[in-house]
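**Student:** Each chain, written out:
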Amino acid sequence: MSGGTALTAARAVLGRDLLRAWRRRGEIVQPLVFFTITVYLFPLAIGPAHDTLRVLLPSIVWVAVLLSMTLTLPDVFAADHADGSLDHLALSPHPLALLVLMKAGAHWLTGAAPLLVLGGLLCAVFGLETYTLRALLLGLLLGSPVLSLIGTLASALTVGLRGGTLLLALLTLPMYIPVLIFGTSAARNAALGIPVQAEMYLLAGLSVLALTLTPWATAAALRARLG
Amino acid sequence: MFERFHKFASPPHFHAFARMLSPWLFGVSALLFAAGLFGGLVYAPADYQQGESFRIIYIHVPSAWLSMFVYMVMASAGAVGLIWKVKMGDIVARACAPLGASFTFLALATGSLWGKPMWGTWWVWDARLTSELILLFLYLGYMALQSAIEDRRAAARAGAVLAIVGVVNIPIIHYSVEWWSTLHQGATITKLDRPSMDISMLIPLLGMTLAFKTLFAAVLLVRTRCEILEFEQHTNWVRELATGPEVR
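Chains as they are written, first to last, in my numbering: chain A, 898 to 1124; chain B, 47 to 294.
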């Protein structure tokens, strides 16, 4: 294999994951359906009082996003582990941290971005005010990279384990709490007409922190798991 | 110096060392518990506001402190095992987790018992309670990961990565939850300021804290010995320990 730079390798990893996701489009739709069902379960459980629902809606969307993203996490490394290409990634001369960053990016593009669009649509259907909707979507946009990055780390830790999905949820959900807190707090404040810059900066800060630190931890986790 | 460290970090030596030390630690811990409990339950005066029920502090606060301390021990031991490939680091980290989870649970349970008469409810969505609960989930996740991976070396390395990530995450979780809501009283004992607690109540508390710490150390050594034996079950020295010296 002729070398190539780290950047071409990164682009290849990202392109390969996106292409694979595109060829199995049905699997991208499943989490979206799950997300929609989860969001629609809450009105059924709470009752059709419109005002209560509108207050709770951003929080419901956030929790549904967290759960839906957890469901897609095992796929980040599972297929590559099954066909052995994960070992090749680990053996490649390029920095593994960069390559796993691309895997996380692919997960965000295929697992999180569609959720944001759908979440925004659902909220608009339920009649959320524009300002709150914008705060919710911006919060999701800034916060969801953290979810993908931490999720990729947990996915690397549990790669190839039986019962991995449940274990993944157990590992990731506690770590998702800061993002959930700042994201829902932004939407709540926006509903009251309070500025939400503070939450947005905090979410962006968390994203940058996760972007800088988790790839190294994910690479270490992969090496630990592959032995 | 380095050679001595290596000798100390080899499982057979650590096993012998732990066997020698742990009875002493249990003894010291028992004495401290006797003194601390006497001081806390008999000697210390009743609180002017909370009456006798404040005395649960002598269990609650030491276990809450330990719940965080044990996590640091676990993560540090895991890091030693991961970075320098010291087997004892892996073993100690693994032995720490259930202890840390127990102390965390104890802190939550006693806090809940204390909250009922004081706040009028078993549970409030307060920052410290919530982050303590999340800490319990982190311990449980660590233990679940450890038990899911069959190969012990691989389990130790994966666990170490998780524990180190947890160390970065715990302050973030703590402050985010603090921002989210707080009802719990502020810190009573800090280094920079005079403690806002009477000395007759403080001394038993410090005694109980030391008692908990030594108990943790003693139990940790016992658990570590068990883990060493399981880790090394196929080696000659463990076989000799179990059956007596082999006759050749």
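Don't read these hints as lab results, they were simulated from the structure. Note that CB positions come from ideal geometry on N, CA and C, so glycine has one too. Please note that the accuracy of each hint is not assured.
Said to hold, decoys possible - Not the full set, but computed from the structure, chain B residues with beta-carbon under 10 Å of chain A:
| hint | residue |
| --- | --- |
| 1 | F84 |
| 2 | V88 |
| 3 | Y89 |
| 4 | F183 |
| 5 | L184 |
| 6 | Y188 |
| 7 | D197 |
| 8 | R199 |
| 9 | G205 |
| 10 | I218 |
| 11 | S222 |
| 12 | A263 |
| 13 | V265 |
| 14 | V268 |
| 15 | R271 |
| 16 | L275 |
**Student:** Does each hint fit the structure? Answer for all of them.
**Tutor:** Right, here's what the structure says about each hint:
Checking F84(B) against chain A: minimum C-beta separation of about 39 Å lies over 10 Å; hint violated. Because the smallest distance between the Cβ of V88(B) and any Cβ of chain A comes to about 40 Å, over 10 Å, the interface hint for this residue is violated. Checking Y89(B) against chain A: minimum C-beta separation of about 40 Å lies over 10 Å; hint violated. A least Cβ separation of about 4 Å between F183(B) and chain A falls short of the 10 Å threshold, and the interface hint therefore holds.
A distance limit of 10 Å between C-beta atoms decides the matter here; for L184(B) the minimum to chain A is near 6 Å, and the interface restraint holds. Among the interface hints, the one on Y188(B) holds; its C-beta lies about 9 Å from the nearest C-beta in chain A, closer than the 10 Å criterion. Interface hint at D197(B): satisfied, since its Cβ lies 8 Å from the closest Cβ of chain A, which is below the 10 Å cut-off. For R199(B), the suggested interface contact is upheld, since its CB lies about 8 Å from the closest CB of chain A, less than 10 Å.
Hint on G205(B) holds. Least Cβ distance to chain A is approximately 9 Å, under the 10 Å limit. Checking I218(B) against chain A by beta carbon gives a least distance of about 5 Å; that is within 10 Å, so the hint holds. For S222(B), the interface hint holds, the least distance from its beta-carbon to any beta-carbon of chain A being 4 Å, beneath 10 Å. Violation of the interface hint for A263(B) is found here, the shortest Cβ-Cβ separation to chain A being roughly 27 Å, above the 10 Å cut-off.
Hint status for V265(B): violated, given a least beta-carbon distance of 25 Å to chain A, over 10 Å. Because the closest C-beta pair between V268(B) and chain A is about 28 Å apart, greater than 10 Å, the hint is violated. Among the interface hints, the one on R271(B) is violated; its C-beta lies about 25 Å from the nearest C-beta in chain A, farther than the 10 Å criterion. Because the closest C-beta pair between L275(B) and chain A is about 24 Å apart, greater than 10 Å, the hint is violated.
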